[in-house]
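Top to bottom, those sequences are chains Z and W. Quick note on the working numbering: the first sequence kicks off at 1 and runs consecutively. Quick note on the working numbering: the second sequence kicks off at 1 and runs consecutively.
I should point out that these hints are in silico values taken from the structure, not numbers from a laboratory. Note that the Cβ used here is the ideal one computed from N, Cα and C, for glycine as well. Be aware that a few hints might be false.
With the Cβ distance kept under 7 Å, some of the chain W side facing chain Z (calculated, not the full set) [stated by the list, open to error]:
1) Lys156
2) Leu157
3) Leu211
4) Glu313
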Amino acid sequence: AMEERPYRSASGAALALRRRQHSASCRELAVCCPRLQLRSLSAATSAVWLAAYGLFVLSENSVVLSAAIFITLFGLIIYLHFVKIDQESLLVIGSLGIQVTSSYASGKESTTFIEMSRVKDVVINEAIHMQKVIYYLCILLQDPGDPQGVSEVVPLFQSSKPRLDCLIEVYKSCQEILAQRKTAPQSS
Amino acid sequence: MVLKVFFPSCCSSAESGILIGRWISEQNSAVILAVVHFPFIPAQVKQYLSEVQRVSKVSVCVLGSWSNSKQEKEENLTEFLEDLGTIFSHEPWIQISKEGDSKFWSCSTLQKHSNNPKEEEIILIYYDQRKVMLSHLHPPLDTATSADPKAEDASKLSAIFDTVAKSKILFMTDRYDDGPIKLTHWQSDGVEASIIVELMKQASVPACMLLTFLLSLISGVCRSRVLKFWPLSFLWSKLSTCEQLGHRLQHLQVISSNKKAQNQTQLMRKANIFVSLLVDVALGLLLMSWLYRKNRIGHLADTLIPVADHVAEELQDLLQWLMGAPAGLKMNRALDQVLGRFFLYHIHLWISYIHLMSPFIEMILWYVGLSACLGLTVALCILSDIIALLTFHIYCFYVYGARLYCLKIYGLSSLWRLFRGKKWNVLRQRVDSCSYDLDQLFIGTLLFTILLFLLPTTALYYLVFTLLRLLVVIVQGLIHLLVDLVDSLPLYSIILRLCRSYRLA
């Protein structure tokens, strides 16, 4: 079953949360970020080209113009491949692990898989970011030496930064699956 | 707990048969390694599995049944498959079936002696057998040293990776072999291997033995007493070329040793050294081919003498400047003249020696350039040594200036203590008061004044020559940095990470 609901990010942009339940112990939650706007793209390109034209008028060297074209092209490619994230998703499979996927605008996907034995808990934390206080969801990893300790904190949805209502939905879904591993017997 | 079944992606189009693999009971997961097709004799299957278990030390057993029916589902097939469960008793008996062109599979388990009658959930995980076999999941270093029970908790998935990696013997037979058992796994369409790799593996053993023999000869010669006499050993220790050659000899010894690498770090180190040697020699040969074309050696030799002359002239100008009123400071004329003339004469001697050597420079350079075929690092070390030899006079000047300055400071500090009526007690390593005689005080004060007023002159000479020496040391240091970079850059690891990152997990 798949549901999609609109939410907002911390900076006010419109996001969509897609929840998909594959089975009783497997859920997929995906946050879709807003796409690259045409107006910001044209604004950036025009700014670079105006600056290049100004330099060309000053220096009478046409290399400046071709350099500006190359810079715009490479900058756009690098931005789409390394910076602009389209969708961040969380796949929680009970007793196997949690997979965090970020898909970039150029189609590149980077995934991280965390085994269930390393996951201590999934919590919502507060953070002070510039002049705002934002909430973020993170996975707490177990310290192998100390059963009560936390060795690492893995923050999720870092580039889309959804607001608290969206995070609460994701948190509830994750906790339903994580709770199963406490009730199920440890070994058969 | 949820039952996890790891199924290889290459078996998804296989014919019906039984599943063999490993059952990991503490994680409630089944790792399926291959599918055995009909017809088979159960006794032969059990014998084959026990053989595989003996060789690979992985407890392989029959886990369940797989049915891939292209036509309609047959009722007797299901009963037949269930009956198989009684022949190969395994708890739980996994049944996976795929119908015709449907994308959906059905997976169910048969538990005969189960306590809880309720249906447990099954997760089917599809894995790429070849990549999982080649990947190594290394445990983090701190848990590897801790006690065994803790290490088992560290990573449950590493058991899966290990199972597939250790079962290589299972993947040796393919469907073209005639045998009682017909298997399907990732190599079943014909064993994939590279002829070049196999040939290199066969050729590497005699090559290693030959290399070890040659290296033992060379190191025996190097260690002989003839080369250990005092002037020679001092020379060897000062020249960086000899050090670099010794370093490379050590590397070659590491590579050509007969013992196989014990663990992953040793294997990577050997591979990195091998790749770095290859790259070094290739770059050295490239340099040689560039150098020996169009008589570049001749040009180099022709420009060497004028450059040395030019440096000497610049030094002479510098000394004339120091002997005058450098930067507006007023020097002590007599000391200035003495030091300046002494250094000038030194430069004159140096230039005469260089001119004496000039007919032989080209030949020496030609033969020395041949050693670049041993590697780019050796060529760079030779360059650094040539620079050191050509600027030997700067080194000498620095030593003279430093000694003079050091003596002066030493004398000044001791006489300053005398001036204040104190003395350095060597026995107790501290400053004590002491009563001096009148004539001791008189001469001491006189000497102190002389040394103090001569201080600026000596300090200036010291400063100038130290800066020059620093310049030469910086140039040599940059060359050595480049040599160290070529020596120790782990190129093999970098290329493996970029091209075949699944092998580094």
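Which numbered hints are broken by the structure, listed smallest first? 3 and 4
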